[in-house]
Amino acid sequence: MIVKKLLLATAAVFALSSGSALAADEAAAIAERLKPYGSVCVAGDPCAEVAAAAAAPAAAAVESGGEAVAAAGRPADAIYKQFCTVCHSIGLAGAPVTGDTAAWQTRLDAQGGMDGLVASGKRGVGGMPPMGTCANCTDDEMADVIKYMSGL
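Throughout the sequence shown, residue numbering follows mature numbering (1 follows the signal peptide of the UniProt record, and there is no 0), covering -23 to -1, 1 to 129 in sequence.
Keep in mind the hints are simulated off the structure, nothing from the lab.
You can take every hint at face value.
BS3-like mimics (lysine-lysine), calculated; alpha carbons at most 30 Å apart, straight line:
# : residue 1 : residue 2
1 : Lys124    : Lys99
2 : Lys124    : Lys58
3 : Lys58     : Lys99
Since the model is a prediction, treat every value here as computed from it, not as a measurement.
Required output: the full structure, derived from the provided sequences and hints.
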């Protein structure tokens, strides 16, 4: 009988101690999920200087008309994969298919050359929105990606 009581007491102590450890882990997990994502920095605080220094490159991009990314001269295949492949890989909404040189040549001739085709792409054609969703592409990048798609 004493052994039973001793075993029961040991089991109770074990159950209570493991339950409190589990509760502590659970409370820590909840606190981690509820912690703030960011912090507020008010002008005049030391963090404001750090935030201003980090924002300087973005401000320069805005002042230059958003061409900071494009000024780097992205490769045509990267632009194609990001902005053009959905429509031009299958001819969606009448888009000329990548690699169909004859279809591209017809459009090139109709627009009076590469400059005309670039201007047409900037305005939007048929189902293609202006700039073909690449709002920060330069004229040179547009011409490069057209050459990439057309093979011309």
